Amino acid sequence: MYRWGSVATLVLACGSAGFASPAAQPPQRGEDIQITDNQIGRYGGTLVVAQRSEPKTLNPVTAADAPSREVIGRLTADLIHINRASQQTEPALAKSWSVSKDGQVFTVKLRHGLHFSDGQPFDADDVVFSFQVYLDEKVHSPQRDLLVVGGKPIEVQKIDQYTVRFTLAQPYAAAERIFDGLAMMPRHLLEKPYKEGQFAQAWTLTTPPAQIAGMGPFRVKEYVPGQKIVLERNPYYWKADQSKHRLPYLDELVFLFVGNEDAQVIRFQAGETDIISRLSAENYALLSKDAASRGTEFFDLGPSLEYDFLVFNLNDLKKDTDNIAGKQAWFQDLKFRQAVSSAIDRESIVKLVYAGHGAALWGNVSPSNKLWVDQTLPHPPRSLDRARELLKSAGFSWRADGALLDHQGKAVEFSIITSTSNAQRTKMATLIQDDLSKLGMNVHVVPLEFRAVLDRVFQTYDYEAAIMALGGGDADPNPEMNVWLSSGGTHLWHLGESKPATEWEAQIDQFMQKQMVQLKYKERKHLYDQVQETVAANVPFVFLATPDILVGAKKSVGNFQPAILDPNTLWNVEQLYLLPGNGASAGAKP
Amino acid sequence: MRNRRRIVAALSVLAALHLAILLAGFVAPYDPASQNRDFPFAPPTRIHFVNSHGHVHLLQPFIYEWRVRPDSFNEYEEDRDREYPVRFFRQGPEYKLAGLLRSHIHLFEVEGSAHIFLAGTDAYGRDQFSRILYGGQVSLAAGLLATGISLFFGLIVGCVSGFYGRWIDESAMRLVELFLVLPWLYFLLAVRSFLPLHISPTQTFFLLVAVIGTIGWARPARLIRGVVLSAKTRKYVIASRGFGASDSYILRRHVLPQTYGILLTQSALLVPQYVIAEVTLSFLGLGLSEPAPSWGNLLSNLQQYNVLVSYWWMFAPALALVIVSLGYLQLANAVHELQSG
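The listed protein sequences derive, respectively, from chains L and Z.
Residues in the first sequence are numbered from 18 upward in steps of one, following this note's numbering.
Residues in the second sequence are numbered from 45 upward in steps of one, following this note's numbering.
Simulated from the structure, these hints should not be mistaken for lab results.
A quick note: this is a predicted structure, and the numbers were derived from the prediction, not measured.
The C-beta atom is built at its ideal place from N, Cα and C for all residues, glycine as well.
Covered stretches of chain Z, as calculated for chain L (at least 3 residues, CB under 8 Å):
#1 79-86
#2 333-343
#3 348-355
Please work from the sequences and hints to get the whole structure.
What follows is the structure, encoded as structure tokens:
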């Protein structure tokens, strides 16, 4: 249908608007192209999406913020990739891999004859170089922790031009999953800055596009500060559809920088963007109302893997200016935390905060994570009576006016901090405030700027309770290590423990460490179930709810297949194409 | 004559509104913080006089309870199965009348388990009508108190600097200029960021009032100084000084009465201005925190796009604000015209 010649004319036709995007190169002999099984699309067009803020960098190793990673993910590729639809690993730049019997040696065979987006060849030297950078402590990559197994960094060794061997210090469950998202970088462009110790300054937003090259479906074309970043087709991309047309179909992918969700909604309604991700339930309801007449479609993909929770400050305080220590006596009491958990009306949170597009939670694993959720975890219904009993047995009493008093006669009063940028969490806090007032607790809701919340929770410990959310990266338990290990960097309720502060935290440490080296799914599941049960029994977090993933797109976007895993909508961007006009819906849809 | 009628009209509207707000507990059917989680964003309840059988109940109006449409989260329809008559002077939740007297009597209620939402509900199913009344207490009290503080300081500084002149006048007027150029919104943002993490709603309230009031004294001080300057050179003032009257006697007897007109118009101008200042602060999240209502934080719901376009009754607090502002400005205008003859 669409011959290469016709593609060239099509590109020339739109060339008058500016510089033409490069035409896709026909597959070469000896090039190990991956054939995708998507519906065959048509070439051409520009897809526009909005981002909350500008990416901070285009450097795959140092990027830590979501907007940067979203853009970089389209510019780069990894060896082994987690398919966002199936949640399973699949070969990417690696054509295949084999694991030794003890699970410690991975031998990865690379695809032959591939090229970076600047036309330079890709081989094992680039892989070895990329891992060298990721593992270099001086570069401070947030991904480095994942690559340290059993206290030792993974060893990377080039066997021949297209074979690399990875050696782990100990067996590591689901080890192939850690390759996901690790970008393979061009040695010919980045070795010089790396050797000069300038790696962190390489590939900023102002770097000339010609000096940035990756293995992803797109490459940088233009960056307009404060407005947008434009990506154009990588003419050497290593995937093609069943009729051997090299992907991606789109000429250009544009990320607009749009301040907040409401502004994104307005832009989408005006037709300025083609896809909208992570909608709030209210905006989802608002937009779906006239979806048909506007030629858009919206999808509720079910609960995300994220979990919202209330956390009490159990940290060892550095300095206690606001007399938080006096309140920590309550927070440290398991019965107090259980009472709070029992008094919270989770169904109302799902209904009023997520307009029914969400799920109540009693543990850290979302019900949509079918492989890992502990189905036997109890879901006790809300009970104020049980909460009162628990408080009574913990020595609390009530004043005549209904206020809750501790055993010293001090009225129970504390504040919950939330982020002003997240209306949902502030709403949850207001509902919880009302729930807990029924127990006689005087709770204040204090919305703060997001960075101020992070600073208080991670640095100064100057807060009493907070509502936050975690998770969502991957379905596997391993990315949760830093939350549940007592030494973990996201062990929010008590950071910087040199050894487990309580017995149950020690137990969780053991379970988590055991599951990490256990290769059999069944045993791992059993261990992770025990983690979930211990956490639920000891309530370090009061789990609240998880929102559904709500996304939308114009009907003219073909092959649109949103997924629960991040990035929800652009994970298959190379397969997306634009139907002519408003076009009848085509392509597989969920 | 026209002016007098305008004053009466403005005064009676303002008096009615202030009375309703002062007696919020009596007029409002519900506690402003009580959540009805089954009725998020319910539209205003319709009051019926004619039932489905065509019977007319002019003196005994009734309502139908809202019912959520099946497969919907916040679309409502009337449940026509049962009528709930509206009753007056009925027992309801306890409140404190004007912050003093405990009482149970409410102006109106509906019979049975139904709810009457005259101005709809917010995201938590809280009655907007009750919240507007209680929120008015905060907003109006803030406006009146801050006006009092401003005029008090303005009067003292204006009188002293106008009456004694020379270096006192010079230094006071330079101070006034300093306050006039102060970007008060940024100043308040800075003040708020120095406060501890949680302070109770009443503390926040008094603090805001104090800050708004103390910043705003400069302009009235200037005006009063002008009046005092001209008053002290009047012949009867000079005459009374000649008879040996003391400074305090002249100030009290001859100068202060001259400033009353300015005070009156200034207060009628400042009250709505300060009410709006409170609204601005709460709108920016610097005012009262949940669940205490004020007109500012009621209006801040409209910052969310979906609320702005979906729920028209969330604009109701703005209507109250417009009435108060127009009422006071009308009053100021009329008083001003009366004085200038």
